[in-house]
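J.: Using the hints provided, position chain B relative to the given structure of chain A.
Protein chains: 2
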Amino acid sequence: MFPFRPIGFVRSPYGDAAQIPKGPGAEHQAEGELELLPEFETGLADIEGFSHLYVLWVFDRVDGYDLLSTPPTDDRAHGVFSTRSPRRPNPIGLTVVRLIRRDGARLVVRGVDMLDGTPLLDIKPYLSSIPAEEIRRGWMADAEARRRAGA
Amino acid sequence: MFPFRPIGFVRSPYGDAAQIPKGPGAEHQAEGELELLPEFETGLADIEGFSHLYVLWVFDRVDGYDLLSTPPTDDRAHGVFSTRSPRRPNPIGLTVVRLIRRDGARLVVRGVDMLDGTPLLDIKPYLSSIPAEEIRRGWMADAEARRRAGA
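Order-wise, the sequence lines are chains A and B.
Be aware that the first sequence starts at 1, since it is given in my numbering, and climbs by one per residue.
Be aware that the second sequence starts at 1001, since it is given in my numbering, and climbs by one per residue.
Isolated chain A, as found in the complex (with noise of 0.2 angstroms):
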């Protein structure tokens, strides 16, 4: 077993999971904070260089966990490796944040999907993509499909 504990919380304008844009063409443009414990503000330090960073976060008010699911923008069950559910064996989020300033140990960015109050885990900085015409997108793409020819 491997224990983290929390390097900061997420200031986030959603209060209840329904809240949350969901599915594949969900927009995540809210704005939130990341409030970092004072004991971590030196490692922030050049941060601001950076235009988007990686948050790991804990979906702490979930328990337990599914291998199988039907997520919410599809009717049929796939493996929860092949999905974000937050009912993960392990059950750590991931997002891609624009950072748009530091003050101090909070950072304001854009595109939260967390929680308010939501534990921090880790934080990254973004360095590169896969060209968006390598990317498969499996059974999501098909549910798409499925959802545009209203089957």
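Warning: the hint list may mix true and false statements.
Said to hold, decoys possible - Part of the chain A face toward chain B, derived, beta carbon under 8 angstroms:
| hint | residue |
| --- | --- |
| 1 | Val-62 |
| 2 | Leu-67 |
| 3 | Val-80 |
| 4 | Pro-89 |
| 5 | Leu-121 |
Hints listed in this document are in silico derivations from the structure and should not be mistaken for laboratory results.
Backbone N, C-alpha and C fix where the C-beta goes; we use that ideal spot for every residue, glycine too.
T.: Positioned in the frame of chain A, the structure of chain B alone reads:
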């Protein structure tokens, strides 16, 4: 504290950290395997349809952390959250791999940069990219420019 447990282990050609290519120009083309524990195999259903995956894992051979450190690619110190240093408050690694094929509970992938035997925490579909022209890479771009200038 959040206790996480391995869902499986990485098989990679790297037995020693010194063998792993590092830095901004490093090419991670090494082939390896993500070997899930049998109890989690069902969670891989439909993963074959995705070209790229996020892999979350543990720097399990690292002890302690530094809030500031000088990366191998620069001559200046930076905050740990502005780097990919393994010496992080929560030693979680994040790698984007290309999925080559699945054999039961094993995923054959390209792009591993983990040591052989590294514990896996999670696998998620890689869905979209930030357009390359929108990404700013802070001190990493500066350090590259200095190296190019022969400084």
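J.: So which of those numbered hints doesn't the model satisfy?
T.: 1
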